[in-house]
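Student: As a plain string of letters, each chain reads:
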Amino acid sequence: MNETDRRDDNVLAGEFALGLLEGSEREVFERRLVRERALQTEVAQWRERLAALDATASPGRASPQLWGKIESSLGARRAAVDEARPGWAEQLWTSLGFWRGASFAGAAASLMLAIAVGLLAGRATPQPLVVAVLQTGDTSPGAIVEAFGDGSIVLVPLRDIPVPPGKALEVWTLYDKARGPVSIGLIDSARRARFQTASLPARAEQLYEITLEPATGSPIGRPTGPVLMKGLAATPRL
Amino acid sequence: MSDDLAELLQACARGERNSLRAIYERECAAMIGVAMRIVRRRELAEEIVHDVFVQIWRHARTFDPSLGSARGWMFAIVRNRAISALRTTSRELPTAEEELTAAVDRGAESENAFDKLAEGSALKRCLERLEPRRRLGVLLAYVEGLSHGEIAARLGVPLGTAKSWLHRSLAQLRECLA
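Residue numbers (my numbering), protein chains in the order written: chain F, 1 to 238; chain G, 1 to 178.
Accuracy of the hints is not assured; some may be wrong.
Unchecked claim - Calculated pairs, EDC-like style, for lysine to aspartate or glutamate (alpha carbon to alpha carbon, straight line, at most 20 Å):
(1) 124(G) - 27(F)
(2) 116(G) - 48(F)
(3) 124(G) - 30(F)
(4) 163(G) - 115(G)
(5) 124(G) - 105(G)
(6) 163(G) - 176(F)
(7) 163(G) - 9(F)
(8) 124(G) - 175(G)
(9) 69(F) - 138(F)
(10) 163(G) - 25(F)
I should point out that these hints are in silico values taken from the structure, not numbers from a laboratory.
Since this is a predicted model, take the numbers as computed values, not measurements.
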């Protein structure tokens with residue numbers, strides 16, 4: 001890299017640290033930032049250079065509830081890779097293997113689920129309070145969500161979801177219109193995940209959805225990206 | 001102090017919630033202050049700080065002490081989040097005119113921040129060397145989180161001019177601070 005490029009990178013890193021890079025310029029920079037140590041150093045140096053400005057802000061008082069809210073979000077946001085044996089829906093789906101490849105609409109899939117639940121009843125696997133089949137835009141089944149009585153929620157994707165660099169999939173539920181969607185958790189790719197939530201409600205007709213968000217999750221606590229799939233929960237008939 | 005924070009971050013990476021709580025006790029008020037200067041709405045600033053702590057908890061292990069201080073790392077998250085929230089809200093403003101008005105009454109916090117910088121500190125000295133409007137441009141970006149377009153509106157110059165001013169100011173700052 002020649003001297004001019006290096007100087008340009010330095011200013012670019014400064015603009016990034018200031019928050020001035022937007023859109024594709026920012027995406028390109030962030031992609032490079034992941035790989036290039038020299039660029040990481042430039043950004044870090046800018047942060048250190050300007051950090052004294054952070055100390056000039058007048059402190060603000062947090063409301064007494066803030067810590068409690070943070071604490072209850074910690075569990076909810078941590079999507080542990082599920083090490084336990086295959087869960088209920090997955091066993092179900094595997095046992096429904098012969099249906100794979102068949103083309104069916106989401107509504108039909110939900111119906112099949114309801115029927116198939118009967119096949120598995122009696123197995124010693126914890127059973128969910130509700131199950132939702134999330135449908136993609138073309139109404140094909142994209143994922144299953146199971147919500148359990150202990151507040152845990154299991155997501156089983158049924159298809160790949162392309163996730164662009166710097167983005168992640170965020171799972172939401174809407175149980176109260178006034179409150180708006182509540183984040184269940186974040187995953188970096190379409191994979192099976194278990195989220196431990198602070199016992200969110202899990203009722204029939206409750207909406208579950210997945211949106212595309214920045215890699216660190218929606219910055220505003222509400223969905224900002226496109227809805228990739230969604231579906232209403234139903235109570236399994238066991 | 002910053003070393004303490006780095007240790008607390010490492011403890012967070014190991015899953016020790018008490019350490020996150022300790023960071024909260026120490027930095028929450030300052031974080032709300034930094035977020036407030038950008039989003040200017042109390043409850044939004046609090047939401048941002050909420051998200052920041054969730055991020056710190058989830059990403060503590062990615063903090064690399066060889067790159068910079070723990071405090072710098074955490075406050076970068078605060079500013080990132082606050083700026084994204086600001087961009088989202090300004091997109092919700094119905095007209096370009098309102099957006100312009102929103103930018104035009106900015107600047108007081110930036111001037112204030114500049115005044116509060118320690119006399120004789122390298123940053124203050126180097127910012128002082130910039131022509132006042134260009135200096136304000138840099139401060140509007142860092143302190144109040146304005147975009148190129150908003151800075152142009154606030155300074156009353158074309159977008160291209162604002163961009164090149166910022167670009168050159170950063171080059172000058174870097175040279176001065178080296």
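Student: Determine for every hint whether it applies to the structure shown.
Tutor: Consistency of the hints with the structure:
Restraint check for residue 124(G) and residue 27(F): the C-alpha separation of about 31 Å exceeds 20 Å, so the hint is violated. At most 20 Å may separate the alpha-carbon atoms for a hinted pair to count; residue 116(G) and residue 48(F) meet this at roughly 17 Å. Our distance criterion of 20 Å between C-alpha atoms is broken by residue 124(G) and residue 30(F), whose separation comes to about 29 Å. The straight-line distance between the Cα atoms of residue 163(G) and residue 115(G) is roughly 24 Å, outside the 20 Å bound, and the hint therefore fails.
A hinted pair counts as satisfied when its Cα atoms are at most 20 Å apart, and residue 124(G) with residue 105(G) does not qualify at roughly 24 Å. For a cut-off of 20 Å, the pair hint linking residue 163(G) to residue 176(F) is broken: about 44 Å separates their Cα positions. Proximity of residue 163(G) to residue 9(F) is assessed by CA-CA distance (about 16 Å); at most 20 Å being required, the pair is judged to hold. Taking the CA atoms of residue 124(G) and residue 175(G), the gap is about 14 Å. The hint holds against a cut of 20 Å.
As the CA atoms of residue 69(F) and residue 138(F) are separated by approximately 37 Å, the hinted pair breaks the 20 Å bound. A hinted pair counts as satisfied when its Cα atoms are at most 20 Å apart, and residue 163(G) with residue 25(F) qualifies at roughly 14 Å.
This entry does not satisfy hints 1, 3, 4, 5, 6, 9, going by the numbered hints stated previously.
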